[in-house]
Amino acid sequence: MKNLKEISTRLKIAKENFSKTYKKDTESTNAASFGKAFKISTELVASVVVGTTIGFIFDSWFDTKPLLIIIFFILGVTAGIFNVIKTAKRMQKKL
Amino acid sequence: MTSNPMHQFEVYKIGPEININGINLSFTNSSLFMAVSAILILSLLFFGTKKKLLIPSKIQLITEMSYSFVAKMISDTAGSNAKSFFPFIFTLFMFVLFCNMVGMLPYSFTVTSHIIITFMLAAIVFIGVTIIGFIKHGLKYLQLFVPKGVPIVLLPLIIIIEVISYLSRPVSLSVRLFANMMAGHTMLKVFGGFVISLGLLGGWLPLGFSIALTGLEILVAFLQAYVFAILTCIYLNDALNLHH
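In order, the protein sequence lines correspond to chains X and R. Okay, so the first sequence: first residue is 1 according to this note's numbering, each after it adds one. Okay, so the second sequence: first residue is 1 according to this note's numbering, each after it adds one.
Hints are computed from structural coordinates only; laboratory data are not their basis. Glycine included, C-beta positions come from ideal geometry on N, C-alpha and C. There's no promise every hint is true.
Stated by the list, open to error - Straight-line C-alpha distance at most 16 angstroms; calculated EDC-like pairs for lysine to aspartate or glutamate: (1) 93/X / 162/R; (2) 86/X / 162/R; (3) 189/R / 17/R; (4) 148/R / 162/R; (5) 86/X / 238/R; (6) 50/R / 64/R; (7) 136/R / 238/R; (8) 58/R / 76/R; (9) 52/R / 64/R.
To be verified - Label-pair restraints from in silico Cβ distances: (10) 67/X / 151/R: 39 to 45 angstroms; (11) 52/R / 57/X: 51 to 57 angstroms; (12) 56/X / 216/R: 34 to 40 angstroms; (13) 61/X / 120/R: 43 to 49 angstroms; (14) 57/X / 127/R: 14 to 20 angstroms; (15) 7/X / 186/R: 56 to 62 angstroms; (16) 67/X / 116/R: 27 to 33 angstroms.
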């Protein structure tokens, strides 16, 4: 009976230690998650910028001033959201 | 007394002005710090590999660690096919890392806080990866823009979207590095300015912030170099192993 008690206290200590180190791990990845958040947000912004730029250039080529920039802006947003989903999926795979 | 926080990003020329065919090629402080980081990398690798001890010295350990770090990164993300691109990715990683780290020293200039530098690096990666993809797969590389299982009605729209997202790669790659470095250094300068303007009475709080930010900034400097290199690996992987 004494033996069992000893084992259970040891287990308790080990579990506590484990949870402590585990907590430390998640704390240290806080900065990494900042990087991840930044990664996703730039992904979204970049596609919108590229889409709008393409629309602007096409507009000045074909002389259809406001039309193509609007269309390509919306396409850029769509592409951005696709990119964000793709990146998020890739991140999830790694976890 | 108030110093302009953007003053640190000013590029000025050192020495005589060099003008070739109307292109200004003067040696600037930006070029100086690029040269400094390149020399630092070369000397690290030179002294690190000079004495090949079985039990490595500190400098040899750093060199070996940086080698195995990049090698592992490439084999994890881009597969064994990409082993031949190790020199390029190692150079890119070390250059960005050292430019960021040298920028953390007081009175130095952060090369990567200018979008033209980061955009050039990203454009080299983008154009290189595209050429590699076309060499490796020929016109089949265009399959990258056609995801599987899309109804034909939606195909034109999806292709345009995929092309836009492909073109956005260099933009997001360069903006990420540039914005991180610039925002961090501006913030450091702003808090430094607070310390001066609040004086002995209230200056301690911003001073503490400034110290914490310096630590964060060193971490960001490393992280951004890592992200830059790993995204290059991912794009390379897309080009080498075509699948969707």
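Now for the hints, and whether the structure bears them out:
A distance of roughly 22 angstroms separates the Cα atoms of residue 93/X and residue 162/R; the hinted pair therefore is violated under the 16 angstroms criterion. Our distance criterion of 16 angstroms between C-alpha atoms is met by residue 86/X and residue 162/R, whose separation comes to about 12 angstroms. For the given pair, residue 189/R sits about 30 angstroms from residue 17/R by alpha-carbon distance, which is inconsistent with the 16 angstroms threshold. Pair hint residue 148/R plus residue 162/R holds up; C-alpha atoms about 12 angstroms apart against a cutoff of 16 angstroms.
At most 16 angstroms may separate the alpha-carbon atoms for a hinted pair to count; residue 86/X and residue 238/R meet this at roughly 13 angstroms. For the hint pairing residue 50/R with residue 64/R, the CA-to-CA distance comes to about 12 angstroms; that is within 16 angstroms, so the pair holds. For the suggested pair residue 136/R and residue 238/R, the alpha carbons sit about 11 angstroms apart, so the restraint of at most 16 angstroms is met. Between residue 58/R and residue 76/R the CA atoms are separated by roughly 26 angstroms; this puts the pair beyond 16 angstroms, and the hint is violated.
The suggested pairing of residue 52/R with residue 64/R holds, with an alpha-carbon distance near 11 angstroms, which does not exceed 16 angstroms. Range check, residue 67/X to residue 151/R: about 26 angstroms between beta-carbon atoms, so the 39 to 45 angstroms window is missed. Range check, residue 52/R to residue 57/X: about 55 angstroms between beta-carbon atoms, so the 51 to 57 angstroms window is met. For residue 56/X and residue 216/R, the Cβ-Cβ distance of about 37 angstroms falls inside the hinted range of 34 to 40 angstroms, so the restraint holds.
Between residue 61/X and residue 120/R the beta carbon distance is about 26 angstroms. The supplied range of 43 to 49 angstroms is therefore violated. Between residue 57/X and residue 127/R the beta carbon distance is about 19 angstroms. The supplied range of 14 to 20 angstroms therefore holds. Restraint check, residue 7/X to residue 186/R: a C-beta distance of roughly 57 angstroms satisfies the suggested window 56 to 62 angstroms. As the Cβ distance of residue 67/X to residue 116/R is approximately 32 angstroms, the hint placing it in 27 to 33 angstroms holds.
Checked against the numbered hints above, the structure violates hints 1, 3, 8, 10 and 13; every other hint is satisfied.
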